[in-house]
Structure formats: C-alpha cells, structure tokens
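Student: Single-letter residue listing:
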Amino acid sequence: MFSSYLLSSLVWMPIGFGFLHIIFNSYKLSESLAKIFSLAFNIPLIYLGILLYQQFDSNNPAFQLTERFAWMPFLNADYYLGVDGISMPLILLTLLLTPAALLAGFNSSKGKYSNYAGMLFLLEGMMIGVFLSLDALLFYFFWEALLIPMFLIIGIWGGPQRIYATLKFFLYTFFGSIFMLIALIYLYIKSGSYAIESFYGLPLTETSQFWIFLAFFIAFAIKIPMWPVHTWLPDAHVEAPTGGSVILAAVLLKMGGYGFLRFSLPIVPQASADLSMVVIVLSLIAITYIAFVALVQSDVKKLIAYSSIAHMGFVTLGIFSIFHIDSFDLSLLAIQGGMFQMISHGLISGAMFFAIGVLYDRLHSRNIADFGGVINAMPKFAALFVFFGFANIGLPGTSGFVGEFFVILATFAVHPLVSILAGTTLVFGASYTLWMIKRSIWGEPSSIRIENLKPMDLRESLVLIFLAIGVLALGIWPAMLTDLTSASLTELIQRLGL
Amino acid sequence: MSVNDYFIISIFLFAIAVAGIFINRKNLILILMCVELILLSVNFNFIAFSEIYQDFSGQIFVFFILTVAAAEAAIGLAILITLFRHKKSIYIDDLNELKG
Amino acid sequence: MHLLLSLIFIPLLMSILVGVFGDFISKRLSHVLTILGVLISFICSIMLLNDFLITQQTQDILLFNWSIIGEIEFQIGFLVDSLSLAMASMITFVSLMVHIYTIGYMEHDEGYKRFFSYISLFTFSMLMLIFSNNLLQLFFGWEAVGLVSYLLIGFWFKKPSAINANMKAFIVNRVGDLGFIIGIAIIVYYTGSLHLGEIFSQLTSIEGQLISILPSSSWHAVTVASICLFIGAMGKSAQMPLHVWLPDSMEGPTPISALIHAATMVTAGIFLIARMSPLIELSSIALSFILIIGSLTAFFMGLLGLVQNDIKRVIAYSTLSQLGYMTAALGVSAYSVGVYHLITHGFFKALLFLGAGSVIIALHHEQDIRQMGGLRKKLPITYITFLIGTLSLIGFPGFSGFFSKDTLLEAVHLSEQGGSHLSYYLLLMGVLITTLYSMRLLFLVFYGSYRSTHYPLAKVHETPWVVTLPLLLLAIPSIFLGGLIIDPMIMGGYFSGAIFVSPENQSLQEFIDIYHGVIEFIIHAFVASPAIYLMLLGILISWLIWYKNYSLPKQFASLIKMLETVFKNKYYFDYLYENIFSLNIIRLGKMLHKWVDAHLIDSVFVLGSARTVQQISSKTRQLHTGDLTQVALIFFVLLVIFTAFWIS
Amino acid sequence: MVTDLVFFTSVAILMISAMGVITSNNPVHSALFLVSCFFQSSVLWLLLEAEFLAIALIVIYVGAVMVLFLYVVMMLDIRKNQHKQSVSSILPIGIGISILFIAELIFALSGTNVVQTRDTGVLSNPNNTEALGIELYTNYLVEFELASIILLLGIIAAISLTLHRRPGLKKQEISQQVSVSKKDRLKVVQVRSGEGA
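Protein chains in written order, with this note's numbering: chain A, 608 to 1105; chain B, 39 to 138; chain C, 14 to 661; chain D, 11 to 207.
Among the hints, erroneous ones may be present.
Claimed, not checked - Ranges between beta-carbon positions, derived for each pair:
no.	chain 1	residue 1	chain 2	residue 2	range
1	C	608	A	968	31 to 37 Å
2	A	935	C	213	23 to 29 Å
3	B	126	D	29	28 to 34 Å
What the hints assert, rightly or not - Quick list of in silico lysine to aspartate or glutamate cross-link-like pairs, DMTMM-like style, CA-CA up to 20 Å:
no.	chain 1	residue 1	chain 2	residue 2
4	A	987	C	526
5	A	987	A	1064
6	C	171	A	1051
Said to hold, decoys possible - Selected chain B positions facing chain C (Cβ under 7 Å, derived; list incomplete):
no.	residue
7	56
8	59
9	130
Hints are computed from structural coordinates only; laboratory data are not their basis.
Quick reminder that beta carbons are idealized off the backbone N, C-alpha and C, glycines included.
Let the sequences and hints guide you as you build the complete structure.
Tutor: Structure representation (structure tokens):
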C-alpha cells in the first residue's frame, strides 16, 4: 500500500504522527513513552525513504512516482506529487535530520516533549510536502503551513527573546510569500492550471517575466536567506531551541534554493538570465560581507547562523552563475555545486547547531566567552566539534568542501574576480570558525563549570557521530549525491537553452 | 388620516429613538429603552403594511418581533446587571473597553 | 597496486585504530601499531622505488571516480613516478624515525596515543598528496596535511601560545590555498580536466590565452595560473610574505617540528611546483617571480635566525631559509635540484630538529640557548649527530647538504632567468648567514660553559635509545645521501619522466656536461664557486664571536643594535598582520555588523517599516474611543448614506 | 371623524412621550414615558385592525418588559450625580443626522404611491385574534415553536447570566453530605498500651 502511494505516505504519515503526538499530550502520556514513540515513528519514515531511494531512477530527469488527483477542480488545482533529482536529496535530508532534531529536544523541551515532537513531525511532513508538490497551490499550502509549527517551536521552546524572534521570522517569510502567491496566481491565469509543469515554457513577455522573477526572488531570497534580507536568521537561530535550529538551518533554508531551481529558473528563464548578475553580486556580498560580520559575533549560535548565510551564498552563486558560463560542463558544475552545498550545509550546520545545543544544555549559555577549554572535560565532543568546524571551513574530505570547490571552479568562467571573491571564504571561513573553536574548545578550562562538564551521553554522541559519518561519506564520495541530481539538473540547464 | 401617516409616525419614532441614543450620556438602560422604541417603530411599519395589503404576514411578524424583543430585553437587562456587578457602573463613558 | 595501497592506507588504518579506539588499547600497543604501519609504508615505498628503478615505468592508477560532472571527471588516483617515489621514500623514512623518536620524547605526555594517531594520519595525508595524479586529490592532501599540522601545533591545547600559533598557521596557509584553488580553477577552465596527465597534454589550449582580472589589464593565463599555484606553494612552504606561521609553529612538540615543519609538509609547495613544471615552464614571468621570492626568503629569513634564542626557532628560520633555496632552484627551472635539495634537507633538518629535541629533553624542556652551553661532554651522541646535521646544513664539503646546495648555487649561477644574478648573490650571502647561525647554535649549545641556573648540569644525561637511535639513523643519510644520489638524480636524468624543462631553460645542462664524478665535484667547488670560502669565513667569524667571545668593534655595535631590533621584530610582518590586517578586519566586521546589519537593515528597514505601521495605527487608534454612542453614530451615518443611495 | 381625533391625539401623546423617554434625566421617568408610548401605540394599532397585537403589546411590554426595566432601574441604584456630562458632544451631529434621515425617508415615501387595497376583512374574520391564531397554528407552526424555544433560551440565558455565586457563602451541600464514606471521616489509630496520652 505504501509503495503505491509512497509520496503521499511520505507527506501525510509524519503529519499523522504529529497529530498523534499532540493527542498523546492531551492524554498525558508519560514523557519517556512519548520519546520512545517519537523515535519509533521514525522507523517507518526512514523505511519509506529507503523505498523511495530504491524506486527512484536517477537517470530519468522527469518527475517520477507521480500521484495526481483532482483537488479543487474549479481552480484546476490538483493534488499532484512527484519526485525528481532536485527534490530527492532534499527529502532524504529532511528524513535524516528530523530524528536529530527530535533527539535534540529530549532534555530541553520544558516538559512538553510530546507537543514538541508533534510539531517536528508536522514540520517534517510539510517540508516533504513542499519538496514533493508539483502543484503550485499545494506547494504554497505547504510552504505557508509549515510556518505554523516552526513559529510554535521557536515561540514555545525558544530563549528569552523568542517572541521578538518568532514575529520577525514569521513576518519576514510571510512578507516574501505573499509576492510568490501573486506570481503563482498570475501564472495560473496565464496557463489555466496550477500544475508547475504547465508554467514551464509559458510565453511570457519580458516585463511580466521581470515582475514574476522579482516576486519569486523576494520569497526565495528571504527564505534562503540572501543579503540584505538575512537579518531574521540570526535572531531566529539564537532564540530557537536546538532542535528548531537544526531543522531551520538544515532544511528550511533549503526551500529557498529549491524554489530557485523549481520555479525561478525554468519558469522565467529570460528574467533569470537578465537579473542573474544582480543575484551573483548579492551572493558575493553574502559570502564576503557576512564573513566579516560572523567574525565579530560573540554568540556562538549567531556566528553559525551568519556562516550559514555565507554558505547559502554559494548556493545562489552556483545556481545563477550558469547564465554566464559558456561551457555546458562548467554550468553543470556550478549548479551541482549549489545543489551539493545545500545538502552538505544541511548536514554540517545541523550538526553544528546540535553540538552547540549539547553545550547549551550543560552551560545554559551561548556566549563564546563563557566557553573555553571544553576539550579538557569533553574530549570526544571536542573532537567532533572540531571535525564539524573543519567541515564548515570546507576541508577536503568533508562534504563542505565539495560544493564550494565546484562553485569556485565553475565561477571562474563567469569572471575571475567572482571566483576570487568566492574563494575568500577559504580564508574568512577558516578565520571565524577557527577563532570560535580556539576560544571555545582549546585552552585551559575557563571556569569551574567547564571543568565539571559531564561528557556526552549516548544520545548526543550517536547523533553527532551519525552526522559526522554522513559528512565524511559525502566528502569522500560525492558521486552518490551528484549522480542522483545530475539528470534533472542537466535537463534544467538544457531547458534554459544554455 | 391615511396609512401613509403611520409610516411617518414610524419614521419619527425611529428618528427620535436614534437621537435618544446620541443624546443620552447617562446609562445603558436608556439605550435599551431606545432600542425598544426602534422596534416599536418597525412594528408600526409591519402592521401598517399588513393593513394595506390585507395580509396576515405582517402581524405574524410583529408577533415574533414581540417575542424576540421580550427575550432580548430580558437578556439585555441580565447582561446589564452582570456588567454592573463587574464595573460598578453602567455609565456609558465608563464602558470603553473597546478603546484602541 | 597492492603495494601502493598498503603504502598509503596502512598509516591511515593505524591512525584510525589508535585514534578512535585509543581508550581500549595500551600505550605500548598504540606505538607498536603506528610504527608497524609506517614501517610497512617505508618498506613498500622502497620496494616500489626498486621496481621503478628496474622497470622505469610510470604508473597512473585510477582508484575511484569521486564525481563526474558532465565531461569533467573528478577522480581519485595515484601517479607512481620518480618524483613521488623519491619523496615517498624520504617521507616514510623520516616519519618512521620520528615515530620511534616520539616514544622517548612524548613518554610522559597525556596525549601519547593521540600523538601517534596524528602523525600516522599525517603520513597518510602526505602520501596522498605526493602520489596524487590529479589536482583535486593533491588539494585534498594539501589541506589534510594542513589540518594535521593545525592539530599538532595545537597539540598542547592548554598553552595559549600553541593555540594561537595553530590558528595562525592554518589561516595563513588558507591565504595560500586561495591562490591554489584559483590556480586550479584557471586550469580547469582552460583544459576541462583535473588529471595531471590530461592537463599537460592540453597545455596548448591554455598557452597564449589572456585573462583580465581587473578591467583594462590582462595577463597571460599561464602566468596567472602559475603564480596562483605558486601562491599556494608560498603558503605551505612558508615563503615570504606568507612565512609568518612557520616560526610560531614551533609551539608544537619537537617531533612534529622535525617531521612536518622541516622535512615533509613544508616541502609540499616545492613538490607542487616541481609537479606542475610543464605548466610553470611556459611562463618566464612566473619563474622569475618564484626565483625572486625564493632568494629573498633564503636571505632575509636566514638573517632572523641570527637573533633567535629559542633553539627550535633558530632551526625554524633555517628551514625557512633553506626552503627559499629550494624555491630559488625551482625559479631557474632546476626542479630536479630543488627536489634533490628537498630530500637531503629533509634528512639533515629532521636530524637537527630531533637533536634539538634531544637537548630539550635532556635539559627538561628548556629551549632557551642562553641557558645551555658545554653540553658536548654530557650528550655525546646528540652532539655528534647534531654536528653532522650542522655541517650538512652549512654545506661542508663531503656532506650531503654540500652537494645539493652547491649544485643549486651552480644552477642559479648558470641560469639566464630574469633576476638570477641578484638571486645568486643573495643566495651566496645566504651561505654565509647559514653558517653563522648554525655555528652560533652549535657553539652556544655544545661549547663554552653551562649557563643555566635552575637545572643543574649534574642532572643532565644522555637521552634514551629510542631518541638517539633515530638520530644515528638520520645521521647516516645526512652524510652520505647527497653524494650517493647526485649522480643518478641530477646527472642521470632520474626525473626526466616526471619533470619537464623547456629547451630554453636548460641552464643546468651546462653543469651536467662538466660533471665527472663526486670527487671532482668537490674539487671543482673549491675552484669555481665562492660559496665554500664564504662558508669557511662564516665558521671563522662565528668561532670568534661565539666561541672566543671576541667582542665586535664599537662602531659596528650601534648598527648591529638597530638591525637587531628589526630582526627581533621579524621585519614587522607579524605587526603588520596582527595589528593592521587582523585588527582592522575585526573592526570592519564590528562596523558592518553594527551599522549595516543592526542599524541600516534591522532598524531602518525592518523595524522602520514596523514603526511606520505603528505610527499610522497610533493615529488611527484614536478613532476607536470605545464610546458606544460614537459607534452607534457611525453605524447610523452609514445607514443614512446607504439609504440615500438606495432612494436616489 | 372620531377616528381622526383619536388618531391625532394618540400620535401627539406618542411623540411627546417618545421625546420624554429620551430627554428625561431620571430613568424611572423615561421608563414611565415609554409605558405611555406603548399605550398610545396600542391605540393606534387598534385603528389598524390589529386588536390582538395591541393587547399583546400592552400585556407584554407594559405588563412585563417595562416592569422588568423599572425593577432593574431600582435594583441598580444608579446615583443621579454619576453623570458628569449630561449632553453628548456628538448630539448636534446625531440630531442633524436624524433629521436628515427623516427627510430622506419622507422623500422616499413621497416618491412612492402606496395604494391601499380594499378592506377584504381577512384580518378580522371572524375576529382578529382567532384569525391570527389560525394562521399561527397552521402556516407558521414551526416558527411558532421556534419562538417558544427562543423564549426558553432567553429565560435560561437571563438566569445563568445573573445567577451570582458569592464565594465564602456558607450553605448546605446535601449531595456531598449524602455521599460521604467512612474513611473520609473516621481515622483508626493504633495506640500502643502505655504510650497513650
């Protein structure tokens, strides 16, 4: 049964689990039982993920395993799901990171674990829904609906300034989405259907392309986020609970990049090409400017949040460079770099935020000055933290390297300066990450609390080791991801006529 | 005297009742009374039309209006009493919870 | 193939075993495992070298496809040729010696197992680097050795100076890596491949291309690519102005100073340029650039060694200076000579470092040479081996270093490359300076009287055999290796398959033509080159100053004082980087964060829009008096208006 | 002629009373003026053949609703000096708008020509009360029942709104007294011999 409605199961099963958890809460299910349930629920989901991976044909660029039913016939909106090479890795990422986020909330859910898990499952289902929807209205539905659980996660389990942060997060992203909705409605009027495929290749005038691109761009740029609409991210991350940060950094940001690949590029190729230089410049600003800003952060979560922005700069840089590259191979390299960076950043930043959560649970501080000499009390944690730090820097052998490497290589074809500016991340990324590591991990224990830190427990080590293996595996053999995406991205580039 | 005169009575009664809402700064009871007056003016219309068209519907409707108005008055006064218990006042200027 | 894989991956395996399962194995087992790993590596590399010498066959092996993007193949594979095998033999041998030495040096350290895990990992990374057949893997090894170097410099992570030094080392290296990666990008852009063989076969597609990085200026792509690659090499091989990390890296334990920061990792830059010789050869501007940088480094960094009082730092500056020599050799297209000097230097410099380490252990972690003296009698083995190392370093005739340095000087002398005359004289002066600081170190440490007050001489005794054995084993190649391999390596064209020298840069050939054996080489050195006399002069001067304590004439004193301030401040490079670059970057970051992020974007745009809404609503909220009559009035007014519409 | 006289007298009193309702300062007076209004309306409705409704108006409004009003007015003890401002600031606008409204409606009325149909006697055959009753219990039965439910709801709502439980009031809870069990009241203590107080 699951195999014939695989995609629907992937979307609705987590949502069902989410509601189950909320029901558990109202029946006062014991905390430990809820934890066991929440982990057990992941088993069928991961199994579905494996099924999906097996059934997916990576050589086929088209949408696969599609399910289509009439949903709102009067609007020509269908319940239409499908998976291709672009959404496939993002779904796997979501499936893998949600357990990490669940585990992160075990001791920090303020006694409301059941609700917390419920929200995360709802979020998971909706995120998968965003990646699987092939109907614009359905896409929009999931896109907006997932703000609610995220809003609640930050708003209920967040830090002291959580109300400000949630409102900022919500209003920022909501503001962007409105424009996207307008664009989608316009496209619906033009094409007569909400199916995304029907938007592809619409004969749109240059002016309408421009406005549609702009509308999409605002929505996706805020989500990803790009400079200068990035300021919600540090605040949201700082106030979010660990699990919320993990999901936010690992998956939510990727929706922006996914949107560019699914909507902006194929629907309005002309406008994308015309405005690509603007995006490239903004991405370069994100990469360089944000690095400076990250360097001076005293809050470790803020630092990682800023570094996320810089890393996502590589995603947009890679995606939009393709318009300025003559050679097909290098175009593909650029866009693959962007795609790879999304997945890799998901793993690495997820792990970084998780690791910071481990420290936060013990010290109740995110201030770098309050750390220092953590290695003395928690050597294994320090080893993993330094490992993820180096993955964040983009050390070859970790997944962080691949995306940056691809993009830097490919953007040389755009202009040498682009490549050099993008390459400065090698220096600046190393600077802020190592400086942070130096102040937090190395050195003598800065206080008695650091000396008495208790080492990682099994739950924490398992998550971090698991993510570390993922990061290493992708770094050592990136082909397992690039092969998955290659057919779809190739088709995308060909569709653009480059 | 013609049936039109009843309409004019109705109009004046309505206008007086509405003006009563504006004039009165004293208490809510007066507003409730004005509402009763407004209902009365409406009833006049129904009855007049009933007479004009020789149709019972108008009178039936007035019958129902009377029923509902009675219930309304009872509930309105009950609310008023509850309100008075909470705020120790039914002075209109004190009832500005909706102030933005 | 199996030999090669075990050569490279067994150290990795051992490193993972010891690193991950360190809690479950004893100290003894951890060093046995890693030493066994490196020993296997060493044996394999000797066997492969032997095979190669017999068959003369270069092998290019594909391990797996890392990723294939369109037509661009990112692969992991190995290139087994003369260059990589020569390097591998040296690396595995030095690494083996260092492994053994570490048993003694780190005996009482908490991080004993961690250390062994790191150095085995380093050996693996270095082997990945040198055996790589493509730029991707080369970059991987390049960064991996950087990582291990970072971890090892900060090995004693409680020492603030150590954790500062490791961060500095990594970040400075990253500046170089930026150049490297841009170089790779240029090469991929023009040739569409990362595989070394394919790149070299497609060099025509890059030759003659112009790149304009800044508007209104354009350079030859070859030159830019070569210089970019060389910037990478400058970072790793600590050439001016990216040298600042190397002296600081001496904060790490001495064995790694010997292994990483003298013999192997820092020579990766030299290796890279030698590896890329077919590309570099196409640009004489790049060659001149390399030559000038190299000779400047050789001269100026040597000078700094004169004023250092830390035994390891003196040797570190000596390493910098020697790396400058190698770079200069590359600059005159004498790649084989560069690599030759690299190999001999690897041995005697490792010997010197390990010897210094031996002194340090004997004096119970005392590194200041002002606190030493007269240790000749107390530490006989260390003294003898240190002396051998020093003689080899200063190029005393007959010693290993003599051959490589003399060949190098001849190559620069005969070269017609732009800047080669200046370089030649800088390098010649460098010989004098090398002798001065080396002999100063020798005299201050082993001669004269013991000066330390807090560690009595009576307690000083020779170090255990695990320390002295590597010294003795390294002393042998430090004496003989140079003489033994000069014949095949330089004169016999051993590198002909791996290194390409374009016909117009064949200056070394003249030297090869007049070469008639080792003995004649030594005799020729006395006749043809002033280097040997400068060396002898150096010994004389240093004997006078630091042995006889002959004070300098007054008029020199003030000049020397002034120079000393400059030298002590290391030409103000650190000042420039730390106080001007770093500080201003942080200041810029704070400014951007405060003014752009917090004020402009957040206050003006984000909160500004919120504030505008608030202001508008605070005006409109006054309409909501909450007055019932008013509500009723509005209601009624609207009723009147609609009625008016309805009746009209 | 007599009808005209009755009509105009009633109208005059109705208008004066209505003005009295809205202008008098004392709510009791207002209520009494309102009673007068209802009486006059009742007279006028009689003229319109609505005998039953006229009587019902008096019974319901005068007899029940207005008494309720008076009760409430008396119960609440509204002090006369409570109001600081006896005339609303928006009074001129209110009156202006009211006049405008009157003008509008009269204008509307003058434009239409309502033609009175001949008296068919439907409304008083055999008499108004019976005719209305027949109509109500046949054609409007469902609505009639609904009206009763509304009244019921009104009763329940009024009671539940005004029912006021004062905390701290001492009173008997019989249901609780009855449902008491032994172990709530009785505690068996084992007293060791020789240790008892």
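Student: Work down the list of hints and note, for each, if the structure agrees.
Tutor: To see whether the hints hold, each was checked on the structure:
| no. | hint | result |
| --- | --- | --- |
| 1 | C:608 to A:968: 31 to 37 Å | holds (35 Å) |
| 2 | A:935 to C:213: 23 to 29 Å | holds (24 Å) |
| 3 | B:126 to D:29: 28 to 34 Å | holds (31 Å) |
| 4 | A:987 to C:526 | violated (60 Å) |
| 5 | A:987 to A:1064 | holds (11 Å) |
| 6 | C:171 to A:1051 | holds (5 Å) |
| 7 | 56 | holds (6 Å) |
| 8 | 59 | holds (5 Å) |
| 9 | 130 | holds (6 Å) |
Checked against the numbered hints given earlier, the structure breaks only hint 4 and satisfies all the rest.
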